[in-house]
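A.B. asks: Here is how the chains run, residue by residue.
There are 2 protein chains.
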Amino acid sequence: MANFKIILSYDGTEFKGWQTQPGHRTVQETLEGALTRLTGESRIRVNASGRTDAGVHAVGQVANFHSAMTVPFYKLLGAINAHLPNDIVVHSVEEITPEFDANRDALRKLYRYVIFDGTTVSPFLRKYCCHSRQRLDAAAMARAAEPLKGQHDFHSFETEWPNRASSVRTITHLAVNRAGEYIWIDVEADGFLYNMVRTIAGTLMNIGRGFWPESMVTEILRAEDRVQAGPTAPAQGLFLIRVTYA
Amino acid sequence: MANFKIILSYDGTEFKGWQTQPGHRTVQETLEGALTRLTGESRIRVNASGRTDAGVHAVGQVANFHSAMTVPFYKLLGAINAHLPNDIVVHSVEEITPEFDANRDALRKLYRYVIFDGTTVSPFLRKYCCHSRQRLDAAAMARAAEPLKGQHDFHSFETEWPNRASSVRTITHLAVNRAGEYIWIDVEADGFLYNMVRTIAGTLMNIGRGFWPESMVTEILRAEDRVQAGPTAPAQGLFLIRVTYA
Numbered sequence: 427m428a429n430f431k432i433i434l435s436y437d438g439t440e441f442k443g444w445q446t447q448p449g450h451r452t453v454q455e456t457l458e459g460a461l462t463r464l465t466g467e468s469r470i471r472v473n474a475s476g477r478t479d480a481g482v483h484a485v486g487q488v489a490n491f492h493s494a495m496t497v498p499f500y501k502l503l504g505a506i507n508a509h510l511p512n513d514i515v516v517h518s519v520e521e522i523t524p525e526f527d528a529n530r531d532a533l534r535k536l537y538r539y540v541i542f543d544g545t546t547v548s549p550f551l552r553k554y555c556c557h558s559r560q561r562l563d564a565a566a567m568a569r570a571a572e573p574l575k576g577q578h579d580f581h582s583f584e585t586e587w588p589n590r591a592s593s594v595r596t597i598t599h600l601a602v603n604r605a606g607e608y609i610w611i612d613v614e615a616d617g618f619l620y621n622m623v624r625t626i627a628g629t630l631m632n633i634g635r636g637f638w639p640e641s642m643v644t645e646i647l648r649a650e651d652r653v654q655a656g657p658t659a660p661a662q663g664l665f666l667i668r669v670t671y672a
Numbered sequence: 427m428a429n430f431k432i433i434l435s436y437d438g439t440e441f442k443g444w445q446t447q448p449g450h451r452t453v454q455e456t457l458e459g460a461l462t463r464l465t466g467e468s469r470i471r472v473n474a475s476g477r478t479d480a481g482v483h484a485v486g487q488v489a490n491f492h493s494a495m496t497v498p499f500y501k502l503l504g505a506i507n508a509h510l511p512n513d514i515v516v517h518s519v520e521e522i523t524p525e526f527d528a529n530r531d532a533l534r535k536l537y538r539y540v541i542f543d544g545t546t547v548s549p550f551l552r553k554y555c556c557h558s559r560q561r562l563d564a565a566a567m568a569r570a571a572e573p574l575k576g577q578h579d580f581h582s583f584e585t586e587w588p589n590r591a592s593s594v595r596t597i598t599h600l601a602v603n604r605a606g607e608y609i610w611i612d613v614e615a616d617g618f619l620y621n622m623v624r625t626i627a628g629t630l631m632n633i634g635r636g637f638w639p640e641s642m643v644t645e646i647l648r649a650e651d652r653v654q655a656g657p658t659a660p661a662q663g664l665f666l667i668r669v670t671y672a
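Residue numbers (our numbering), protein chains in the order written: chain A, 427 to 672; chain B, 427 to 672.
Okay, chain A solo, but in the shape it has when bound (with noise of 0.2 angstroms):
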C-alpha cells in the first residue's frame, strides 16, 4: 500500500461539503468513488485537511489516501480526473511518506472569504461571492479585524460543535482588501472552528455597513458567547485556498 498526497479545487455548489452523508452528493463520496472505480479496489478512504461544508469551495484542498494501484505514475493524474465530474479537479497527485495524514500534519489553513458590493454582480461571478446590497468600508473592517490577530479563544464565533476541546486558535494572518466593487477577507490560522470564517465575515460586514462600532470586535472575542457575534455569511462567498505542511 502506497500513500498518495493530493491538491484538488472543487466548486462546492452542488456538493453537501466534504464529508460524505447518505443520500447527498459529497466531495469526499465523489471522490472515493472515482478512486475506487479506477483502481479496481473495494474501498478507499480520502482524508482531507479538513471539511469544508455544504456550498463552501476550495482551490487549494490537501487529502491523501492509500491505495495498492498499480496505475503507472505518468498516467495518474489524467485517470483520476478521468472518473470525477467537472465540478472537482485533482492538480496534482504525489506519492508520499506512509506516516503523512492530510488533517493531522496541517499546520495553518488559508481561508478567503469573497464579498461583492455593487449594484449588479456579475452572472458569472454570482456563485462565487457574498452580495451585501449594502456599500461597505472596507478600511473599516480592516482595521476592526486587528484583534483578532495571534491567540484567542474564539468561542464567540463558531457555531457550536459537541465535544469540541478548545476553542482557542491562533491566526497567523488577516487582511481585509478591496478591488473595484469586490472585498476578501484572508484569514489564515492553525485551525478553524466551525463556521469560523463565514462568522468572522459576518461580523465585519455588520462594521463594514456601520452597523457596529470598529470596536465591536474586542467585546465580541472577550464575551465568549456566539450570539454576540455577527451573522454567518453565506457559504458562497467561501473558499480554502490553501494549506501548509511543515
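To be clear, the hints were calculated from the coordinates, so they are not data collected in a lab.
Keep in mind that a hint or two might mislead.
In this list, chains with the same sequence are indistinguishable; a pair is considered to hold if it fits within one copy or across any two.
As a list, the in silico BS3-like pairs of lysine-lysine whose alpha-carbon atoms are at most 27 angstroms apart [unchecked claim]:
#: 1; residue 1: 553; residue 2: 501
#: 2; residue 1: 431; residue 2: 442
#: 3; residue 1: 442; residue 2: 553
#: 4; residue 1: 431; residue 2: 501
#: 5; residue 1: 431; residue 2: 575
#: 6; residue 1: 442; residue 2: 575
The structure presented is a predicted model; accordingly, all values stated were derived computationally and were not measured.
Assemble the complex: chain A is given as a structure, and chain B must be docked to it using the hints.
C.D. replies: Same frame as chain A, now just chain B:
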C-alpha cells in the same frame, strides 16, 4: 412610449441562445417576460445587437425596447434585475432617442474566444472556456490570423444560413494572446456570419496544435468554402464582449 437601451451580461450555459424559440429557455424570452411582469404591459419586444447562439456568453450585450412604463428612473435598474434570474444581469439602463435600434445601429462587435490548454481546468472556469488537451502554439496562431484582418469574403468561415445577402465583412481588430494556460482570441468586426468566430477559433486551434501550416488561413479564405476551414469550436468558450455605436 419611450425607447430604452440596456447593457447586459449573461451566463449562456443554461440558455438556448438569445432568440425566442418555443419550448426553450432563451435570453430574449426571459428578458421580455421580466419586463412585462415589471411593467404590466402585454408585450415588450427586446431587440439585441445580434443573436448569440446556445451556450454563448455575453458580458456587454446591448439591446433596446419600447415601453410606456412609469417606474421611477432611480429604481429602474434594481427593479429590472429583481425580475430576472441570476444568470442574466442588466448593468445599465438609459432612455435613448426613439430612432435608436440596437441591431441596425451597431457599428462593430467584439467577441472573445477563450481556450485553456493546461492539464487540469479549474472547476470554476470549465464552463467558460474550451479545453484543448494538446498544448497550442499561440504565437503561430497569432501569425496565422494576420490574413483575416480587413475586408474579405468570409464564406469559408460561416455555417450556411439561408438568405444571407453577402458574406463580405471587415475585421477591424484581431489578436491572439496567452496568459499562463489560457489563450484568448479577440475578433472585432462590423458584422459576423453564423458561427464565424467559432470557425476562426477552430481553424486557429488546428494551426496551434501543428496540424495545419500557418499559411492555411489564406488558402481557406481564398477557397470560399466552409469545408476547408477548421471545426466549429464549442460555444462555451465564446463571449460577446462589447458593441460599439456611433
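A.B. asks: Next step is simple, just say for each hint if it's right about the structure.
C.D. replies: Now for the hints, and whether the structure bears them out:
Taking the shortest Cα distances, residue 553 and residue 501 sit within 27 angstroms of each other only across copies (25 angstroms), while inside one copy they are farther apart (33 angstroms). With identical chains, the CA atoms of residue 431 and residue 442 are at most 27 angstroms apart within one copy only, with a shortest distance of 23 angstroms there and 41 angstroms across copies. Taking the shortest Cα distances, residue 442 and residue 553 sit within 27 angstroms of each other both inside one copy (15 angstroms) and across copies (21 angstroms). With identical chains, the CA atoms of residue 431 and residue 501 are at most 27 angstroms apart within one copy only, with a shortest distance of 16 angstroms there and 53 angstroms across copies.
Taking the closest pair of Cα atoms, residue 431 and residue 575 never come within 27 angstroms of each other, the shortest separation being 30 angstroms inside a single copy and 49 angstroms across copies. With identical chains, the CA atoms of residue 442 and residue 575 are never at most 27 angstroms apart, being 30 angstroms at best within one copy and 49 angstroms at best between copies.
In the structure shown, a violation is registered for the earlier hints numbered 5, 6, in ascending order.
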